[in-house]
Amino acid sequence: MRTTARRGLVIATTLTLLLSSTACGSDDGPGSGEPVPGVTDTEIVVGTHMPLTGPASAGYSKIAPATKAYFDYVNANGGVHGRKITYKIMDDGYNPATTQQVVRQLVLQDKVFAVLNGLGTPTHTGVLDFLHTNRVPDLFVASGSRNWDQPDRYPNTFGFNPDYTVEGKILANHVKTTLPDRKVCFLGQDDDFGQDALAGVEKVLGADGVVARETYVTSNTNVAPQIGAFKAAGCEVVILATVPGFTALSVGTAARLGFRPQWVVSNVGADHPTLARQLGDAAGLLEGMVGLNYLPMQGDTDNPWIQLFTKVNTEHNGGAEFDGNTVYGMAVGYLFVQVLLAAGKDLTRESLVEAVRKGGYQGPGVAPLRFSATDHSGYGGGRLSRVSGGAQSYFGPTYETDESDGPVNEYTAPPVSPPVNGVPTA
Amino acid sequence: MDRFLFLTLDGLSRGAVYAAFALALVLIWRAGRIVNFAQGAMAVAAAYVAYSVTAATGSYWLGFGAALLAGLLLGAVVDIAVMRLVDHRSPLNPVIVALGLVLLIQAVLGMLYGNEYRPAQAPFSRTALAVGGTAVLSPYDLFVFAAVGVVGAALVWIFTRTAIGLRMRAAAFAPEVSRLLGVNVGGMLTLGWALASGVGALAAMLVIPTELGLHPHAMDLVFVSAFTAAVLGGLDSPPGAVVGGLGVGLLLSYVSGYAGGDLIPLAVLALLLTVLLLRPGGLFAPVTARRV
Amino acid sequence: MSATRASAPPHQHRAVDLVRPGRPVPTLIRHLAVAAGAALVVLLVSYQLDSYRNFQLATVAAYLCATAGLTILTGLCGQLSLGHGALMATGAYTVALCQSAFFDRGVTSGSVLLLSLVAAVAVTVTVGLVVGVAAARLRGPYLAGLTLAVAVVVPALTVTFDGVFNGEQGLAVPLAPAPQGLGVYFPHERWQLWVAAGATLLCLVVLANLVRSRYGRLFRAVRDDEVAARLAGIHVARTQVIAFVVSAAGAGLGGALLAVLAQSVSPGAFGLTLSLFLLMAVVIGGLGRLAGAVWGAFLLVALPDLTHSLTNLFTLSPAAAQRLEGNLPLAIFGATLIVVMIAAPGGVQGLLSRLTRALRARWPAGRS
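Protein chains in written order, with the working numbering: chain A, 370 to 795; chain B, 306 to 597; chain C, 355 to 722.
Do not take every clue at face value.
Stated by the list, open to error - Every beta carbon over 12 angstroms from chain B, so not counted as near; a handful from chain A, in silico:
| no. | residue |
| --- | --- |
| 1 | V414 |
| 2 | D518 |
| 3 | Q676 |
| 4 | S720 |
| 5 | V789 |
| 6 | P793 |
Said to hold, decoys possible - Heads up, incomplete: computed chain B residues facing chain A, CB under 8 angstroms, no partners named:
| no. | residue |
| --- | --- |
| 7 | R308 |
| 8 | F311 |
| 9 | R319 |
| 10 | G415 |
| 11 | Y422 |
| 12 | P424 |
| 13 | R431 |
| 14 | T432 |
| 15 | A433 |
| 16 | G518 |
| 17 | H522 |
| 18 | G565 |
I should point out that these hints are in silico values taken from the structure, not numbers from a laboratory. Cβ coordinates follow ideal geometry from the N, Cα and C atoms, glycine included.
In isolation and in its complexed conformation, chain A is listed as follows (with noise of 0.2 angstroms):
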């Protein structure tokens, strides 16, 4: 009894500590002229969520590092408006729920101006509505998700990536053209990645166009049931919608089996790097694969955005393997930089939305840059390309298209260069 006493005391003492220092406290609305949350004269703090550890982090941990260095260079050289960028990467494992937790904590403790390049379809969908409600701007999303694209919910989200039904329609039409009358099988990850891309294939080949269809979970490594199907059905021409890893585990099962079909891979699952890398010595069997890029190959030394790249990589980011995350990363460095210019100098959240609305970007990206008032969705289209005495290059047109019924047209406007000191002038 007496116990119970003390402690009520106790509580009752810090309770009225509490009380009388909680009088202060109060839940003012922004007030006018309030600062831009991240935004200094010298600074633009900007945050992103990415897996840099777990099962899910393999290629993927390379992204955000890139893109940091590519802020670095920018950085070294002035700035944008004489502000420097800085990136925080926060580590969510591929984990929803710590997206959760390090998404607040970018926003509401570290107040950054902008959440970029979040990456993971799952990850980033459970954020939406938060950063919505905080109107944060949520740009170049990771993925190649629809879910990015919905001006009227989400005003402030925009992707980057085509999404995989664009993907899907390119990779068909390459069959239908190229390859005729041959037997199309499909693989597709068992979630949205997989049906979107087999829905963009169906628009062009038609539903009877696929003769075998089969699908792979991420917590199965093994794929021969599924290979092995295919080989019964007489595959000829097999379309992957899979992550880099099981590309690769696709392609080695069916080397097993005996079986060796045309491999027509989308864009997520053709780096050919990192496929070499983890095939090793059966990386010959890649001989041959036709991928889709919309960004420069990093194997082509001559494109002076891959000269700049493996410059910035050099200089800023420790010399790492230089792979199509490396590109990836700085090509989103270098877009989030011409949006920060085209903003102005009166940096707000506001403008930065709007730069991005107004469109007309264009960069490293082979594809066009669709961002305009109704369209948040990426880059719009992508040109094939083809493994060959171990290296990866385009071959033919870039094509676009739109994740409806449209068709699948020529893209003809030239590629851009390099501004001189590699970082874009407004």
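Position chains B and C relative to chain A; hints supplied.
Same frame as chain A, but now just chains B and C:
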């Protein structure tokens, strides 16, 4: 029929690896009544040793030997430096310590080698040999069966035919009596850990070339399947582990071949429920005296 | 959060509580009083902290329901569960489906959340009953094996039945904003904390009372010696099922609250890792006492935060940073876990009790 044969053989070759890994779990369970949740991470660490040795020397077999040796050593070190110090009165403590080890080992591997998939070499061709037009088994599959078979036979021999095996069994089943009879119980336990960890390393060397590649998390899923297999067989029973491993391998293969990959977890749960509800101590559980 | 102190039994291994001299205040009243005090503290603290800390505290509250439930099952009744993450997922998805159903029919008032939470607990209790009946037949590693399978299967079901659960992407949880009466600029995070803390305190009062009731004694009797319990006429299997169901209710409520906080649910958030972390949290917090569950819940939330701040302490070259980022904190956490378990197997709460006892022993006088 071809498809059935193909799925059966594919499932068996995978099941053999689960069986080996389940055996490792059973070894430790019999020796010290601990479910070693760190088995997967320890095995991956051994596989990374093999990777480094092979990269330095260019020889797969040197790496393979190094992995087995590293596995044995790591098992002994974990027992002496960690597990022996844990208060075993609550069965949960070793489990939590093992989970801590998983985090530690995977993080250290991530720091040393990075979170990238590294290619894992297979010593034999993985291209299936065709018999009568049907692709059946690859030389590598045969190697897997042979390796698991040899290890299983060796374990049986050690435990039933050698004095040290007898002492290990005695130390596990009646530690107090054994100690009185002059058996070095602690030493036997350490030996058990070393053997189990060595078998785990072998399983990792066999399975990683067939998966996504070498990665700190490469054995996570194999651990779950192998644990299921060990529980199915009855954790006290080495033959149970083998049967459970092969059974789980077949089940996974049939389900993903005939029904779709997304049903696999459900099928595993159904199998586990059916077996455990009929025989709560696993398939090969010894008949226990009726409890009060 | 001090609600649980009163419920901690004096000694973990004593099956029957010490009988205190004098007339005790009825347990329920005492627990309610402590809970009311805790509620007041949370209320005040919610005005002191910034939005992010409010959100973190709300998350602690949500996890606390689950860890408290797990403490009842594992600490009190001695049954291991590796599947509580899956039970949380059950609660979370139920809330998501209920809220969506309400909002689709145009019922958007804030009070429907209460109904959804009740539904979440009810559904999880049903699932817990099914698992619990199976689990009551199993011991040690076999129970671990079964619950491990449950932990893996439930998130996977969302992909199998993606028509209902929308696969990996998960579902949104539509919620009414904070009541108008609180003002237009009332921070959403503070409202979330109020909701979560309210539900959690209620849950804790119920659990703390249960611990002190006849059932608490049955649980402990079964944990300490099944055979003796059976000889004493206790229906062991039924007791274990009851413990599982109670524990599931806690986990379900915790998952439901998490879903409400995140305003979304997806299978990735409820994977095997969550189940394992819940178990680690209760063991490190101190198994067998509800106070340990509180420490555990705090740990679950503080850990990622701490580890991130830790990495930020070092300025590293880009190459080294890429390797250490994320990994270094995990290594430190793993090592700490091992050291804590070896040095202080009673967990945080065990350490605190020992410290208190040591202090009391040094200054016996001056205290009555």
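Do the hints match the structure? See the list:
1. V414: Fine: 26 angstroms to the nearest Cβ keeps V414 (chain A) off the interface.
2. D518: The claim holds: D518 (chain A) sits with its nearest Cβ about 27 angstroms from chain B, beyond 12 angstroms.
3. Q676: holds (25 angstroms)
4. S720: holds (37 angstroms)
5. V789: For V789 (chain A), whose nearest Cβ neighbour in chain B is about 34 angstroms away, the distance exceeds 12 angstroms, so it holds.
6. P793: Non-interface label on P793 (chain A) holds, nearest chain B Cβ at 31 angstroms vs cutoff 12 angstroms.
7. R308: holds (6 angstroms)
8. F311: holds (5 angstroms)
9. R319: Since the shortest Cβ distance to chain A is 6 angstroms, the answer is holds.
10. G415: holds (6 angstroms)
11. Y422: Nearest chain A Cβ about 5 angstroms off; hint holds.
12. P424: Holds. Min distance 2 angstroms.
13. R431: holds (4 angstroms)
14. T432: Holds. Min distance 5 angstroms.
15. A433: Since the shortest Cβ distance to chain A is 6 angstroms, the answer is holds.
16. G518: Holds - the Cβ of G518 (chain B) comes within 8 angstroms of chain A, reaching about 5 angstroms at its closest.
17. H522: holds (4 angstroms)
18. G565: holds (7 angstroms)
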